[in-house]
Amino acid sequence: MIRKVGLIIDRLTDCWIVEALAERDYDIILYDPSIEILEQEKRQVEIDLDKRIAKWALTESEKKVILSHIKLETDFYKLQEADFILESIKSQPELKREILLKLDQMIPKETIIASNSSILSLSNFAEGAKHPERMIGVHFFYNVVEIVPGKNTSPETFETLSQLVKSLDKKDIYVQESPGFVTTRLRLQLMNEAINILSEGIASAEDIEESMKIGLGMKEGPLEMVDGFGLKYILRLMEQLSLELGEQKFTPSPLLKTYIDAGCFGKKNGKGFFEYDENGQRIKQEASLEVVR
Amino acid sequence: MKILVINCGSSSLKYQLFDMGKESVLAKGIVERIGMDTAIFQYERPEHETIKEVASILEHKDALRKVLKMITDENRGVITSVHEIAAVGHRIAHGGEEFADSVVVTNHVIEAIRKNIELAPLHNPANLKGIYAFLELAEDIPMVCVFDTAFHQTMPPEHFMYAIPRALYNKHKIRRYGFHGTSHKYVSQRYSELTGKDLQSTKIISCHIGNGASISAIEFGKSVDTSMGMTPLEGLIMGTRSGDIDPAIVPFVMVKEDLNVNEVNSMLNKHSGLVGVSGISADMREITDGVNAGHEGATLAYKMYIHRIKKYIGSYCAVMNGVDAIIFTGGVGENSHMVRSDICEGLTFLGLELDDQLNDTREPKERSIQVASSLVDVYIIPTNEELMIARDTLRLVKSNKAVTPLI
Numbered sequence: 001m002i003r004k005v006g007l008i009i010d011r012l013t014d015c016w017i018v019e020a021l022a023e024r025d026y027d028i029i030l031y032d033p034s035i036e037i038l039e040q041e042k043r044q045v046e047i048d049l050d051k052r053i054a055k056w057a058l059t060e061s062e063k064k065v066i067l068s069h070i071k072l073e074t075d076f077y078k079l080q081e082a083d084f085i086l087e088s089i090k091s092q093p094e095l096k097r098e099i100l101l102k103l104d105q106m107i108p109k110e111t112i113i114a115s116n117s118s119i120l121s122l123s124n125f126a127e128g129a130k131h132p133e134r135m136i137g138v139h140f141f142y143n144v145v146e147i148v149p150g151k152n153t154s155p156e157t158f159e160t161l162s163q164l165v166k167s168l169d170k171k172d173i174y175v176q177e178s179p180g181f182v183t184t185r186l187r188l189q190l191m192n193e194a195i196n197i198l199s200e201g202i203a204s205a206e207d208i209e210e211s212m213k214i215g216l217g218m219k220e221g222p223l224e225m226v227d228g229f230g231l232k233y234i235l236r237l238m239e240q241l242s243l244e245l246g247e248q249k250f251t252p253s254p255l256l257k258t259y260i261d262a263g264c265f266g267k268k269n270g271k272g273f274f275e276y277d278e279n280g281q282r283i284k285q286e287a288s289l290e291v292v293r
Numbered sequence: 001m002k003i004l005v006i007n008c009g010s011s012s013l014k015y016q017l018f019d020m021g022k023e024s025v026l027a028k029g030i031v032e033r034i035g036m037d038t039a040i041f042q043y044e045r046p047e048h049e050t051i052k053e054v055a056s057i058l059e060h061k062d063a064l065r066k067v068l069k070m071i072t073d074e075n076r077g078v079i080t081s082v083h084e085i086a087a088v089g090h091r092i093a094h095g096g097e098e099f100a101d102s103v104v105v106t107n108h109v110i111e112a113i114r115k116n117i118e119l120a121p122l123h124n125p126a127n128l129k130g131i132y133a134f135l136e137l138a139e140d141i142p143m144v145c146v147f148d149t150a151f152h153q154t155m156p157p158e159h160f161m162y163a164i165p166r167a168l169y170n171k172h173k174i175r176r177y178g179f180h181g182t183s184h185k186y187v188s189q190r191y192s193e194l195t196g197k198d199l200q201s202t203k204i205i206s207c208h209i210g211n212g213a214s215i216s217a218i219e220f221g222k223s224v225d226t227s228m229g230m231t232p233l234e235g236l237i238m239g240t241r242s243g244d245i246d247p248a249i250v251p252f253v254m255v256k257e258d259l260n261v262n263e264v265n266s267m268l269n270k271h272s273g274l275v276g277v278s279g280i281s282a283d284m285r286e287i288t289d290g291v292n293a294g295h296e297g298a299t300l301a302y303k304m305y306i307h308r309i310k311k312y313i314g315s316y317c318a319v320m321n322g323v324d325a326i327i328f329t330g331g332v333g334e335n336s337h338m339v340r341s342d343i344c345e346g347l348t349f350l351g352l353e354l355d356d357q358l359n360d361t362r363e364p365k366e367r368s369i370q371v372a373s374s375l376v377d378v379y380i381i382p383t384n385e386e387l388m389i390a391r392d393t394l395r396l397v398k399s400n401k402a403v404t405p406l407i
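Residue numbers (the working numbering), protein chains in the order written: chain L, 1 to 293; chain X, 1 to 407.
Among these hints, one or two may not hold up.
What the hints assert, rightly or not - In silico lysine to aspartate or glutamate, DMTMM-like type, Cα no more than 20 Å apart, as pairs:
hint	chain 1	residue 1	chain 2	residue 2
1	X	LYS270	L	GLU60
2	L	LYS64	X	GLU263
3	L	LYS51	L	GLU278
4	L	LYS213	X	ASP258
5	L	LYS170	X	ASP37
6	L	LYS109	L	ASP83
7	L	LYS166	X	GLU334
8	L	LYS55	X	GLU118
9	X	LYS22	X	GLU118
10	L	LYS71	X	ASP37
11	L	LYS4	X	ASP37
12	X	LYS270	L	ASP83
13	X	LYS256	L	GLU210
Just so you know, these hints were derived from the structure itself, not from any lab.
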């Protein structure tokens, strides 16, 4: 039975995973060699929880309970205490590989090690692992979690992860190892095409946004989605996917690079295809277009 | 005969061991934070110091094992063997339409409780954990389920149906069920015992006002209407729950504030009621302190709270064509003389007259608080749901047959 989850993340935008697990009473060992980064991550969880309190989704006392489940840890070896490890290093593939193999060496062989990635499969990283049967690929995509078993993942490992996902009230979907899985391929195509349409001058950013948002009943349109993930991150994903799949349809729109060169990084610096206040709320329509044009 | 009463929450287990000869409590306590390394185990015996331990208790079965070990402990226990326990009574939140009375646990009963998880997703699974734990640890001891909803199953369809497409009732059993049934039943029976008045000829309005709150119209011993509905959200204003609101507010707020279903549910259940209006507290003691200190939010919340209770009392008088007794129970009903007084102040048209001195006397015991000439009795009766569960358990075990489910 999983009670204690060891977590390694390297993007503040993944802090919601920490929150989702802690909210379901899992005890979290959040690891990073730097206490400053760990504190930053915990602060991000607090900010997210405060936003939910402002929307009446949580109470102050529930926030306290959630935070009490999160333990910050700079000692890598303390991850041995976890019943389940989720590694989610997204920016440095070499580090990801190194950490996965180090975990495999150090963690008791019954403990499952799940590797979170939006594009790359576990087999890219886990080659040479001593216990590949307890390793599994996964992609946390909000309310959907893609479960991507590697070549040697055991059925028990798959089943345990599937149960964990269900306990978080998320939908688990089973996906074969393939770059970008299901969700990344679909959303990157949508985002890229939205940027292409904008660059061709066919419609305004606002109208492109509304067409999908209202037309398909989405919470965010494709351009706000890019702003949310961060323009640089989306560019990197597209380049990676286009390289992995060798298909032109994922070649990033040149306009995406133009925006990045103009200093538009997305919600994190308040400027992307739209402008945002410090809470990530849009403040005016198509503001940054004139910067580019 | 010894009866053990169990009330399982998602991470807690409350227990009370009764000696039914004198209906006395031999031991009671609570296990909290089940599932954590720092679970809290508490054990109380009359005239002994309370024992409190912090231990790793990872599931309900472990908690129950610890309870059984403690009550049979050579030095600190109150019985010598688990087999002295004649039966176990479990509190179950939702019996749906299947159960109009308590029932001996069988496979069919467990299946029916599972079926009703949809109607009580937080409570029924937790309640079932207690039953499963006992089946594993002492399967030869008979068990009885006592449902929070059962007492209200006597409501006629015109009182329990909602005026929405009937297909929703047929498909999902959407209707009024009502809660706090064990409490409403206990206090109405207790009123009859205290006054010698026959329930069969008495009209009672019972007000269970605690952090959760509901009112029941009990006509001739049967619940004919109650303020909580399909869920415990409907009816009175509560500590953190809104009670009745215009249902159109829900989609309106969802659009205006960009809320999803979970957020709007949480808004109505955890951020509304006294705390939502007053902005200071969900606790009636702090609200009345606020009223006395002239706090605007507390005063508004308090007035709304009283107004809502009066509305229900008035409407239940109309439903029953009169009332013989109003009973106050639950944390607020038993302890707040100010709340009782303000509710009754506007009910003099019924011929009801409160005795201010009796009402103001602070003692936690059952008593009448109306003047002798009052046409309506007003009683404070501290609720005792655990005893009621123990009594039902004893009754069913003695008759030694399962009550046949309605369907």
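Determine which of the earlier numbered hints do not hold for this structure and return their numbers in increasing order. 5, 7, 8, 9, 12
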